[in-house]
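Student: Sequence:
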Amino acid sequence: MRARVRRRVTWIITLSALLPLLSVWILVLYISYRAEEQSAERQQVALTDLAAEDFRRFLFNTTIELQDVAENIARETDPQTITAQQLSTLGLFRSSFAEVAIYSADGQRQVASSRFGDPTLPMSLTGAQLLADLSTRRVSFADPPSFTGTISRKLAPQEIPRFRVATQLLSSNNQALFLVADVSMQRIWTSTTRIETAAEMRVLILTEQGDLISAAKIESLLEHPEMRGIPLLGSEATVATYESVFGEEVLGVRTSIEPVDWILVVERPLEVIYGNVGRLAVSLLMIIFIATPIVIGVGWYVGRRIAGPIQTLYAGVTRFSENPNNFEPVLLDTRDELASLAGAFNTMASGLNASQKRLANLNEELEAQVVGRTSELHNALAEVQAQNLAQERLLDTVRRLSMPSIPITKHMVVMPLVGEFSADRANDISTTLLLTIEQERAKIVILDITGVPVVDNIVARAILDAAQAARLLGAQVILAGIRPDMAETLVNLHINLGMIESAATLEQAFKRGMEYLRVNRLS
1 MRARVRRRVT WIITLSALLP LLSVWILVLY ISYRAEEQSA ERQQVALTDL
51 AAEDFRRFLF NTTIELQDVA ENIARETDPQ TITAQQLSTL GLFRSSFAEV
101 AIYSADGQRQ VASSRFGDPT LPMSLTGAQL LADLSTRRVS FADPPSFTGT
151 ISRKLAPQEI PRFRVATQLL SSNNQALFLV ADVSMQRIWT STTRIETAAE
201 MRVLILTEQG DLISAAKIES LLEHPEMRGI PLLGSEATVA TYESVFGEEV
251 LGVRTSIEPV DWILVVERPL EVIYGNVGRL AVSLLMIIFI ATPIVIGVGW
301 YVGRRIAGPI QTLYAGVTRF SENPNNFEPV LLDTRDELAS LAGAFNTMAS
351 GLNASQKRLA NLNEELEAQV VGRTSELHNA LAEVQAQNLA QERLLDTVRR
401 LSMPSIPITK HMVVMPLVGE FSADRANDIS TTLLLTIEQE RAKIVILDIT
451 GVPVVDNIVA RAILDAAQAA RLLGAQVILA GIRPDMAETL VNLHINLGMI
501 ESAATLEQAF KRGMEYLRVN RLS
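Counting with our numbering, you get residues 1 to 523 for the letters of the sequence shown.
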C-alpha cells in the first residue's frame with residue numbers, strides 16, 4: 001500500500017510538472033515557427049524588391065548611357081562614315097559597354113568596336129526582334145544567349161554573358177541607322193553574389209522561357225541552365241514554398257524586372273529559415289531533460305512523506321468499516337492536511353458511533369410502541385368488523401321490511417313499498433319482485449306505492465323494469481296508490497306507464513287482480 005501510494009504521488013507530481021513544460025515547449029515552438037516564417041517572408045520580399053529596383057536602375061542607366069553615346073556620335077561625326085577607332089573612342093570610352101556597332105537600316109553591320117579583341121556582334125541583324133522593337137520604343141533589349149557548357153569554370157571577361165541593347169541613330173542626311181551595344185552581366189552578377197553572401201539566399205535571374213541568365217555561382221549556370229521547373233514561373237503567386245531544382249525545400253519570392261522581360265527569383269532554404277527554431281527546440285528539450293530527474297526526485301520525496309500517514313489513515317478507516325463498534329482514533333505525527341483529515345475522520349467516526357447508539361435505543365422504543373399500537377389496532381378492527389356485520393344485518397332486515405311480499409290469494413301477492421328510494425333500493429325492487437313471483441308462483445303482483453313520498457325518475461324506471469321482468473315470468477303487475485301529484489310528476493318526466501295496470505287504491509287493484517284471475521280461470 002505504501003509503495004503504491006508513493007509511486008502514484010511521484011507520477012502525479014512528475015506529470016503535473018512536465019506536462020505544462022511540454023505544453024509551453026510546443027507553444028513556444030509554434031509561435032517561433034510562425035514568427036520566423038512571417039519574418040523571413042517579409043525580409044525576403046523586401047530584399048527581392050530592393051534587388052529588383054537595383055537591377056532596374058542599372059538597366060535604366062544603360063539606356064541613358066546608350067542614348068548619350070548615340071547623341072555624341074551624331075554630334076561629333078557622321079555615323080555613316082565613322083571609323084572603328086572613332087567608334088571605340090565615342091562608344092567604349094567612359095561607358096560600360098563590352099562592344100558597340102552601327103547597323104544600317106537593312107540590318108547590316110557597318111562598323112564595330114570591342115574592348116576584348118575582335119568584335120563578336122553579328123554581321124547582320126536583318127529580321128532580328130531587337131531592331132523590330134525600335135519601331136515602338138526608343139531603346140530595345142535582347143536576352144543574353146544560353147550557356148553551352150563549353151566555357152571555363154572561372155570565366156574570362158569575354159566569356160561573361162552579355163545582353164544586347166539598341167537605339168536609333170540618324171546620319172547627317174537623316175538616314176536611319178541603329179546603334180547596338182553588348183552589355184556585360186558582370187554588374188548584375190556582382191549584385192547577386194553580394195546578396196547571396198550577406199543574406200544566405202539564392203538569387204536567380206531568368207528569362208520568361210525559364211533560361212537562367214544570372215546566378216552568383218557559375219556552377220548553377222552550367223548544371224541548371226534551365227529553370228522551367230520552378231513553380232513560381234507558371235503561377236500568379238509571388239511567394240511560395242517548394243522543392244527547388246537543387247533538391248531542397250525553399251521559400252521562393254519572384255518579381256519582374258522592367259523594362260526587360262526578366263524574372264528575379266530569390267530562394268532561401270527552409271533549413272536556414274527555421275534554423276533558430278531548431279536551436280530553440282533543442283535548448284528547451286535540454287531544459288526539460290535536466291528538469292525531469294529533479295521533478296522525479298521531488299515527487300519521490302513528497303510521496304515518501306505522505307505515504308506513511310496515508311497508510312495509517314487507511315488502516316484506521318478499514319478497521320472502522322469492518323467493525324464500527326470497535327473504533328480506535330487515528331493518530332498522526334504530522335501537522336499538515338493529512339493530520340487535519342485524520343482529526344476530521346475521528347470526529348466523524350465518534351459522532352457516527354454515538355448516532356448509531358441513539359438510533360438503536362430509538363429503534364427499541366419504537367418497536368415496543370409498534371407492538372402495543374398494533375395490538376390496539378387489532379382490537380379496534382375486530383370491533384369495527386363486528387359493528388359492520390351487525391349494521392349489514394340490520395340493513396338487510398330493514399330492506400326486507402321496506403319491501404315485504406304478502407300473499408293474499410293462491411296466485412296474488414301484494415308488495416307494499418315504504419319510504420324514500422335511493423338508486424340501490426330502486427335496484428332491489430326488481431330483484432325482490434322476481435324472487436317473490438318464483439317462490440309464490442304468483443300471477444298477479446300488486447305494487448302498492450302509497451307509502452312512497454316521492455316518485456322520481458329512478459323509482460319510475462325501476463318499476464318499469466320490474467314489470468317487464470315479471471311479464472317474462474308470466475305475471476301481471478298492478479300499480480296501486482298513485483296520487484295526483486305522482487301522476488303529474490310522471491307526466492312531466494315523460495315516463496310512459498301504459499304497459500302497467502294502475503289503480504288509485506289497493507282495493508281497486510285487488511278487484512282487478514281477482515277479475516284477471518277469474519277470466520284466466522286461475523282463482
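Be careful, since some hints might not be right.
Here are the simulated distance ranges between beta carbons [as the list claims (entries may be wrong)]:
hint	residue 1	residue 2	range
1	R441	Q387	34 to 44 angstroms
2	P293	R42	38 to 48 angstroms
3	P293	L359	54 to 64 angstroms
Computed cross-link-like contacts, DMTMM-like style, restricted to lysine to aspartate or glutamate with a CA-CA straight-line distance of at most 25 angstroms [to be verified]:
hint	residue 1	residue 2
4	K357	E392
5	K410	D424
6	K410	E501
7	K357	E328
8	K410	E367
9	K511	D424
10	K511	D448
11	K410	E515
12	K511	E440
13	K410	D448
14	K511	E501
15	K410	E438
16	K410	D485
Everything labelled a hint here was simulated from the structure, so no lab data went into it. Just so you know, these numbers come straight off a predicted model, no measurement behind them. Even glycine gets a Cβ: it sits at the ideal position worked out from N, Cα and C.
Student: Each of the hints needs a verdict: does it hold here or not?
Tutor: The hints, checked one at a time:
Between R441 and Q387 the beta carbons are some 40 angstroms apart, a value that agrees with the proposed interval 34 to 44 angstroms. Checked against the hint of 38 to 48 angstroms, the C-beta distance between P293 and R42 comes to roughly 42 angstroms, which is consistent with it. At about 55 angstroms, the beta-carbon gap between P293 and L359 stays in the expected band of 54 to 64 angstroms. Pair hint K357 plus E392 does not hold up; C-alpha atoms about 51 angstroms apart against a cutoff of 25 angstroms.
Annotation: proposed proximity of K410 to D424 is violated, straight-line Cα distance about 31 angstroms (limit 25 angstroms). Between K410 and E501 the alpha-carbon distance is near 20 angstroms, which keeps this suggested pair within the 25 angstroms criterion. Taken as a hint, the K357 and E328 pair is honoured in the structure, with Cα atoms around 16 angstroms apart against an allowance of 25 angstroms. With a C-alpha separation of about 69 angstroms, the suggested pair K410 and E367 falls outside the 25 angstroms cut-off, and the hint is violated.
Only pairs whose Cα atoms come within 25 angstroms are accepted, and K511 paired with D424 is rejected, the gap being roughly 32 angstroms. For the hint linking K511 to D448, the alpha-carbon distance of about 14 angstroms falls within 25 angstroms, and the restraint holds. Note on K410 and E515: the hinted pairing holds, with a Cα-Cα distance of about 14 angstroms set against a maximum of 25 angstroms. For the proposed pair K511 and E440, the alpha carbon gap of about 19 angstroms is at most 25 angstroms, so the pair holds.
Taking the CA atoms of K410 and D448, the gap is about 19 angstroms. The hint holds against a cut of 25 angstroms. As the CA atoms of K511 and E501 are separated by approximately 12 angstroms, the hinted pair is consistent with the 25 angstroms bound. Between K410 and E438 the alpha-carbon distance is near 13 angstroms, which keeps this suggested pair within the 25 angstroms criterion. For the hint pairing K410 with D485, the CA-to-CA distance comes to about 34 angstroms; that exceeds 25 angstroms, so the pair is violated.
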